[in-house]
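A.B. asks: Line by line, the protein sequences give chains C and D. Reminder that position 236 of the first sequence reads as 274 in my numbering, one-by-one numbering, no gaps. Reminder that position 177 of the second sequence reads as 882 in my numbering, one-by-one numbering, no gaps.
Mixed in with the good hints, there may be bad ones.
EDC-like, lysine to aspartate or glutamate: derived pairs with alpha carbons at most 20 angstroms apart [claimed, not checked]:
{"id": "1", "chain 1": "D", "residue 1": "865", "chain 2": "C", "residue 2": "346"}
{"id": "2", "chain 1": "D", "residue 1": "864", "chain 2": "C", "residue 2": "340"}
{"id": "3", "chain 1": "C", "residue 1": "188", "chain 2": "D", "residue 2": "734"}
{"id": "4", "chain 1": "D", "residue 1": "862", "chain 2": "C", "residue 2": "340"}
{"id": "5", "chain 1": "D", "residue 1": "862", "chain 2": "C", "residue 2": "99"}
Facing chain D, according to a computed beta carbon distance under 8 angstroms, are these residues of chain C, among others [as the list claims (entries may be wrong)]:
{"id": "6", "residue": "118"}
{"id": "7", "residue": "216"}
{"id": "8", "residue": "343"}
Rather than coming from a laboratory, the hints here were simulated on the basis of the structure. Note that the coordinates shown come from a computational prediction; the quantities given were computed from them, not determined experimentally. Beta carbons are placed, not taken as given, at the ideal position from N, Cα and C, and that holds for glycine.
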Amino acid sequence: MNLVLLGINHRTAPLEIREKLAGGLQDLSAGYQALRHLAGLKEVLLYSTCNRVEVLFTTADPPKTVPRVQTFLINLADLPTEEQERIMYIHQEGEAVQHLFRVASGLDSMVMGEPQILGQVKEAYRLATQQQATGAILNRLLHKTFFVAKRVRSETGIGCQAVSVSYAAVELARKIFGTLTNKTALLVGAGEMAELAVEHLKRYGVSQIIVANRTLERALKLARRFRGDAISLAELECQLLRIDIMISSTGATEQILTRDQIKKAMRLRKQQPLFLIDIAVPRDLDPEINTLDNVYLYNIDDLQGIIEVNRRYRQQEAVRAERIIAAEALKFLQWRESLAVYPTIIALQKKADQICQHELKKTLSQLGPLTPAQIKSLQVLTQSITHKLLHDPILYMKRNHHPKDTSREINYIRRLFNLDQE
Amino acid sequence: METLILSVVLMSYFGATAIWLAYLLIQQERLYRYGVWVMGGGWMLHTLNLILAVMEQGYFPGASLGQALRLFSWTLVGTFLFLTWRHPIRVLGTLVAPLAALTLTGSLILPQPGPVAPLLQSLWLSFHIATALLGNATFTLAFMGGILYLVQEHQLKSKKFGFFYRRLPSLEALDALNYYCLTIGFPLLTAGIITGSIYAQYTLGSFWRWDPKETLTLIAWLIYAALLHERLAVGWRGRRAALMAIIGFLVLVVTFVGANLWLQGYHSFESFVRQP
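Produce the complete structure using the sequences and hints provided.
C.D. replies: Encoded structure:
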């Protein structure tokens, strides 16, 4: 049995192809239905995210099965066949295992170390088990994958340290305030990055959101979205007494708050810390504000600098993660190899035992009453015949003459003794 | 017996130092817990040692610098363990453990004193020693918290994040530590001064004699009083509170050690014991 992984991702295929493929796989159960009809596929797992579509399967005959799966994918996206060479990758055995581990750990993601992919793989596996598409090998492999992803996350720093501006803002806020519960954040202006930052802050416990905008209408709209209060820009200075975090992202050409204004507010606030995030260009807040005690001012360049450093750190940690993955992949492959030989031996012994029991029963009923000692010696006789007969085949299997292709050898033995009841 | 117990205590304080240094480096939660157990075990033995000494002599052994240092390391570890329970700041252990180990080493190296002057063989005086030393220990923790605050604040202000950025807690937590220590340490120090002066009135006939140690303690007390007042009134917090805690602690160090080495007064340790 061979393990094959086939797929495309954001590195090999442009967005339009990924879109088409993902669109074709909207209904994964239909995908499983179609794959099940392909000859030669034993176990299948299918996952599709916005950055990748991959099929993981086991097959006894890869040269025949792989083209079938390829055709399946190509038909989904209506691709010209000549494109497939370029955009599709095929990994087998160890490579496939490592690839899956890397994907689940976020090493293969667009943003190195992002955590969502693990959840997506888990969900895909749940669906596959619902469809009863997986078996002994993939079940074991997927559980191992979740274990490896967890290990990578806890033993390396791949997932810590923000790599987006909005998360960097949340991390800084947590280093200043500890907990964000019962803190109040003020959003001045609007903009995707600023709004995302507010959402993250809210998720980490910020309890109240205030929105200020040049037009009150716009402020009201945003305030509804964050379930907060709307204020006008004129009230900004007195609102400084209520807030802990301010995210500023207006299109104003001049500064909206000066150092003196903040200084005055800090006195009135009894020096409660204030975290100001200025992501507007040109800047909304006077850079001199950062010289005040208990006020922390970060502009867009400061935040970009932080995430650049963090990105490099994640890259370093990725090297350690790769080491863990390589070691775990090796362990999995060893397990598979031993699995192939030993279950066969056990199946063989079980079959022999069954034959013994069956024949013994028949003979005993014909012979009439016997003493327990006689029955015992008949049992010993049959057992020792089968054991001696099986001794050499078992030894042959254990010696493992073709380590590179154990499964083929095992396959012959299974057919020879008809262990799979064909 | 006494030396055996104390050397086990010393080993456990050094052990906790090593464990917590390793914790600082590799940040494994498990290590921190081991450190607490080692430290806690050592402190229990230290307490036992102290109980035995009090039972033998009938008063707190705090008349020589060595004995005072031993008591100080006991109160420091005790207050830290109490703090860890109420207000966990993990990196603090990495500073507390070596200081406790070093002060205890100092107390073992310093010569053992001769018999204590009869004036000082009193249980009432033990209250003076205990409250003053507990106050000192609490302010030592405030000092360490202040140092950590300044390090962390510098990183956040300069936007250069180094080795300590991830390893230190949030500014808010460090500032809360400052306040917490202040509210506990200040009453203790005040009680130490009051019990001391009552004892002085009772035995020497005057409440206050402007001895160097007394004067310096008063200065430290005023610094902490100012910090506490300003903190509550106008919100002296963060960097300013950290700096005040550091200055106050330095004055206390001079009071505790320096006053005995450089300045002579009736309150210095040498005058407490009869010279052999």
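A.B. asks: Each hint should be assessed against the structure and marked as holding or not.
C.D. replies: Verification of the supplied hints:
This hinted pair checks out: residue 865 of chain D and residue 346 of chain C have alpha carbons roughly 12 angstroms apart, not beyond 20 angstroms. For the suggested pair residue 864 of chain D and residue 340 of chain C, the alpha carbons sit about 7 angstroms apart, so the restraint of at most 20 angstroms is met. Using a Cα cut-off of 20 angstroms, the hinted pair residue 188 of chain C and residue 734 of chain D holds, with the two alpha carbons roughly 17 angstroms apart. A threshold of 20 angstroms between alpha carbons decides the hint, and for residue 862 of chain D with residue 340 of chain C the separation of about 11 angstroms falls inside it, so the pair holds.
Using a Cα cut-off of 20 angstroms, the hinted pair residue 862 of chain D and residue 99 of chain C is violated, with the two alpha carbons roughly 63 angstroms apart. Evaluation of the residue 118 of chain C hint against chain D yields a violated restraint, the C-beta minimum of about 50 angstroms exceeding 8 angstroms. Because the beta carbon of residue 216 of chain C sits about 4 angstroms from the nearest beta carbon in chain D, less than 8 angstroms, this interface hint is met. For residue 343 of chain C, the shortest C-beta to C-beta distance to chain D is roughly 7 angstroms, which falls under 8 angstroms, so the interface hint holds.
This entry does not satisfy hints 5 and 6, going by the numbered hints stated previously.
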